[in-house]
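Trainee: Sequence:
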Amino acid sequence: MKKLKILALLSLTVSVLVSCFPKASQVIRSLPVESKEQILSQYSSEEIAEGKVLYTNHCGTCHDLKEPESRTAEQWNRIVKRMIPRAKLNDRDGQLVRAYVIVNAKSS
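Numbering (mature numbering (1 follows the signal peptide of the UniProt record, and there is no 0)), first residue to last: -24 to -1, 1 to 84.
Keep in mind the hints are simulated off the structure, nothing from the lab.
Mixed in with the good hints, there may be bad ones.
To be verified - Label pairs and their calculated CB-CB ranges:
#1 41 <-> 67: 13 to 23 Å
#2 23 <-> -15: 37 to 47 Å
#3 -23 <-> 55: 39 to 49 Å
Note that the Cβ used here is the ideal one computed from N, Cα and C, for glycine as well.
Let the sequences and hints guide you as you build the complete structure.
Mentor: What follows is the structure, given as structure tokens:
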């Protein structure tokens, strides 16, 4: 009986933690990996600059910032999609951060 209570308590704790963890919106989850050229055709230089500011101000509050050149576009796409909800960025701001790092990512 004691083991059943412990198991039930653990299950409840895990359920609460999972439900509280932020998830990326459908817009963010559906973003494909885009090339630098595709990003530049969709975003202005001002938007890319805004993405840099957002990246510095939001991502740098929790951990050391990695240089965009340290990862490929594919790697950044995966990382940023996962981190947008954790940084509490809305879809637009998340897309701008993603655009900034992809434009400045290392070539594959």
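Trainee: CB of residue 41 to CB of residue 67, is that within 13 to 23 Å?
Mentor: holds, 22 Å
Trainee: Between the beta carbons of residue -23 and residue 55, is the distance compatible with 39 to 49 Å?
Mentor: holds, 43 Å
Trainee: Against the range 37 to 47 Å, how does the distance between the Cβ atoms of residue 23 and residue -15 compare: consistent or not?
Mentor: Holds, at about 46 Å.
Checked against the numbered hints listed earlier, the structure breaks none of them; every hint is satisfied.
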